[in-house]
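The chain contents come next:
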Amino acid sequence: MAERTNYWLRRRLDRRTALRGGAIAGAGLATFALAGCGDDDDGGGKKDEDSKGLLPTAVASPTVAKQPVPGGSFSFQISSPPPSLDPFTQTSFINAYLNGLSYSKLLRFKAGVPEVAPGDFSMEPDLAQKMPEQPDDMTYTFKLKPAKFHNGRALTSEDVKYALDRYKNFEKSVHKSTQAWIDSILTPDAETVTLKTKYPFADAVQLVGGNLGAWIVPKEHAETDDAKTKMVGSGPFIQTEYQTGVSLSFKKNPDYFDKPYPYFDEVKVFITTDQAKRVADFSAKSVNLTWLFLPDERDQLKKNRPDAKFEETQGIGGHIYMRTDKPPFNDKRVRQAISMGINRKAIRDALTKGEGVADQAVYVGFPIATQVKDLGAVAKYWDYNPTEAKALLSAAGQEKLETTWDHADGSVYTQAYVDTATLTQAQLKEIGITIKDQMLPYATYISTTYQGKYEAMSHTPRSVPYHLDILTDNFSFKDGKRARINLGYINDPKLEALLDKQRGQFKMEERLKTLREIEQLVGEEQYYIYWSTDTRTYFWDPDIENYRPTAFFPYTHIMKSWRAKA
Amino acid sequence: MTQYIVKRLLFSLVVLFVISVVVFVAVRMIPGDVCSIVLATSDVEESQCRAIREELGLDEPVVTQYFRYMGNVLRGDFGTTLISKRDVWGEIRTRIPLTLELTFLATTFAIALAIPIGVISAIRQDRPIDYALRFLTIGWLSIPSFWLGTMLIVFPANWWGYSPPPEYADIWKDPLKNLEQLYLPAFSLGLALSASLARITRSSMLEVLRQDYVRTAWAKGLRERSIVVRHALKNALIPVVTLFGLQVGVLLGGTVVLESIFSLPGLGSLALGAVRLKDYPQVQGLVLFFAAVLVTINLVVDISYAWLDPRIRFA
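Chains as they are written, first to last, in the working numbering: chain A, 11 to 576; chain B, 27 to 341.
Here chain A stands alone, though its shape is the one from the complex:
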């Protein structure tokens, strides 16, 4: 097994290299995947014992050059129905999976093939002929490949401009803040798009190719109600059917711009909300790919399908958020006490057989993620230390703290999400914090608590990262307005200045210095209280070639896979 490396620290990365995207790919390869692929050759996914509890280490599957076999069909399961297929009004990762089959973007994730690690968020050209030219810090020029939408119309630079402009300005768009960095979109000719940024923004490439606010939808489709249930893009697969809440069907796009992809003739997506049914269907060989299994289900599936290939990836974990703008959580000693009152190992042992990354700081799964033990003095706040926690509460005048904790039920986030709260609340009672648990239906939670409408405490799975500036979404508070997922009402001028600074730092070593300062500050303040992560396992049929899971990225990469015998 490869040693854990911190690629970013060793490599001097300049902007051009970053634009080529190769560096991040390398970093991801070197540091992200928790364990290698399993198959019938090795008996399945052997995991290096030394890696247990540490930041995931790298094992990419060996790449074996094989001749693609076009044809055949492929099926996989998703765990909940997409609220809508319209990419302008949705941020769900479920949408990203599906949008990626029928829509295209300027750039796309490289992940999804054996040589690229699941969490590697580096980019490669999609509609763009190559990675963008960048004549200065605020200009990106993309040359487009000749492409057609599924309705037969040729895609031009005006379509790209229309879509990006709609993400930024459409009244109901939910991506306004995500794409706020775009100043103007120029289309000097039908195959050239130039993006001008409002300020030097080091993550522009990631956002152009990311999950949110990047899919190119033709105007004649985007503005109809059909866009909510039908995708008409220029992607590798044409949507043929959508049975609400049950399944989606796709067929190969014969005019796809990126030949020889896709290889499969048909793709079927089953919406299987019941975890037991997902396990059963894969056990019965009724579907070709299934994922997101915790250790118990993983072990059962390994028994049921010893022939299947599998890969364990790091789960994203979760964190507690609190109203840091009012008592008692505006006192950092209270937040620190809560963190020290949590026995993360006990929770891991109870829920995930002790697996997962023990301690997480502000980044989860990033190649550059710092381990808590490397945070220096502030690392102590992740230690389970009830005595110190009680002392901190006493110093804050909160020896007997009574508070509330709102959270969603397990219908979408899974039962592990609920159990984590239950166990944590029991542990916090030991240090004198009595919590009234208030579980809400998922839809209610999303429309109240997750909008910042809550009394005291809550928790959430962590957002899926594919750009470093995700910190701004989590921590920024400007002009009296919280950033998109600043659920803790964090308003820290010092932190804000650091966020502004890192955003324009193109040289990675410089940016890393700023990010380390942010990690220290956030660690000291305990604005969010992070749990350990879990592991999530993906299983797929042994005859599927050139496939590897991704960390919640769109499923565009299915187009690169094929069956050994179509």
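Be a bit skeptical, because a hint or two may be false.
[Claimed, not checked] Distance condition first, Cα-Cα at most 30 Å in a straight line; then the derived BS3-like pairs of lysine-lysine:
id, chain 1, residue 1, chain 2, residue 2
1, A, 262, B, 246
2, B, 111, A, 158
3, A, 511, A, 208
4, A, 182, B, 199
5, A, 261, B, 203
6, B, 199, A, 262
7, A, 140, A, 262
8, A, 278, A, 240
Calculated from the structure, these hints are not laboratory results.
Given the coordinates of chain A, work out where chain B should sit on it, guided by the hints.
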């Protein structure tokens, strides 16, 4: 009889009206802002919310909203779903056949099991077979259908690598595959019903078997089969029919969970998905539809009693 039917019909309409008001108000009292559900993000601007509320007519007084909604419903327009903008009635209509089929299969299974068990148990009262069957039915009654359904998914998959096909097949296109998908949820759903039907059949049969006319039949030297099937069972089934009518609501409730567990595209899974997404036009439409079905069934049951037993209509 006509007067009785008219009275029951009017009463049913009142019940439906009350249900429609309760559902309409209750859905609006659930915490949460509709615009953040539609937009699915915490990054919501007031202007966005205003546009959505106007589009959905939520900026008007609730009473106005109610009468507009009911006016549309009476014209067959249940509105569109909140997020995907699909026709609510269209969604319900396409799902009815599966739920109907599942309910029918569960019912058939329950009756096929319950009547023989109830009869055997009654005619062999206090014998070992009676004890065994009573023990069995109490057991079935205590098993929740969702638990049984989950077990029927988990164990065949673990032991034999078997699971019903995941892709739904229409009964008219592929009846065998369709049945393969439905027999396990129908079994789960029907088992508890069969237990309660079997128990009521037993007690009703015991009562009828002690009637004078049955004793007379025995005295006449009729064969046991003839006495039980032709003379006793027919009369013993009246309370069974009553219970069955009442249990249809339970069956429909059971489909909500079982369709979701078995990934079946019926009304139950539609309801669960709508509740999960807080898609209130869909929830309203479904609850009204379920209510109308139940009220109609109860009406039919009431009328059939009156027809079977004239004492009821004059009571």
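Outcome of the hint check:
Our distance criterion of 30 Å between C-alpha atoms is broken by residue 262 of chain A and residue 246 of chain B, whose separation comes to about 77 Å. Distance restraint check for residue 111 of chain B and residue 158 of chain A: the Cα-Cα separation of roughly 27 Å lies within the 30 Å cut-off, and the hinted pair is therefore satisfied. A C-alpha spacing of about 15 Å is found between residue 511 of chain A and residue 208 of chain A, which places the hinted pair at or below 30 Å, so the restraint holds. A distance of roughly 41 Å separates the Cα atoms of residue 182 of chain A and residue 199 of chain B; the hinted pair therefore is violated under the 30 Å criterion.
Restraint check for residue 261 of chain A and residue 203 of chain B: the C-alpha separation of about 23 Å stays at or below 30 Å, so the hint holds. Annotation: proposed proximity of residue 199 of chain B to residue 262 of chain A holds, straight-line Cα distance about 25 Å (limit 30 Å). Taking the CA atoms of residue 140 of chain A and residue 262 of chain A, the gap is about 24 Å. The hint holds against a cut of 30 Å. Between the alpha carbons of residue 278 of chain A and residue 240 of chain A the distance comes to roughly 15 Å, so the proposed pair stays at or under 30 Å and holds.
When held up to the earlier numbered hints, the structure conflicts with 1, 4 and fits the remainder.
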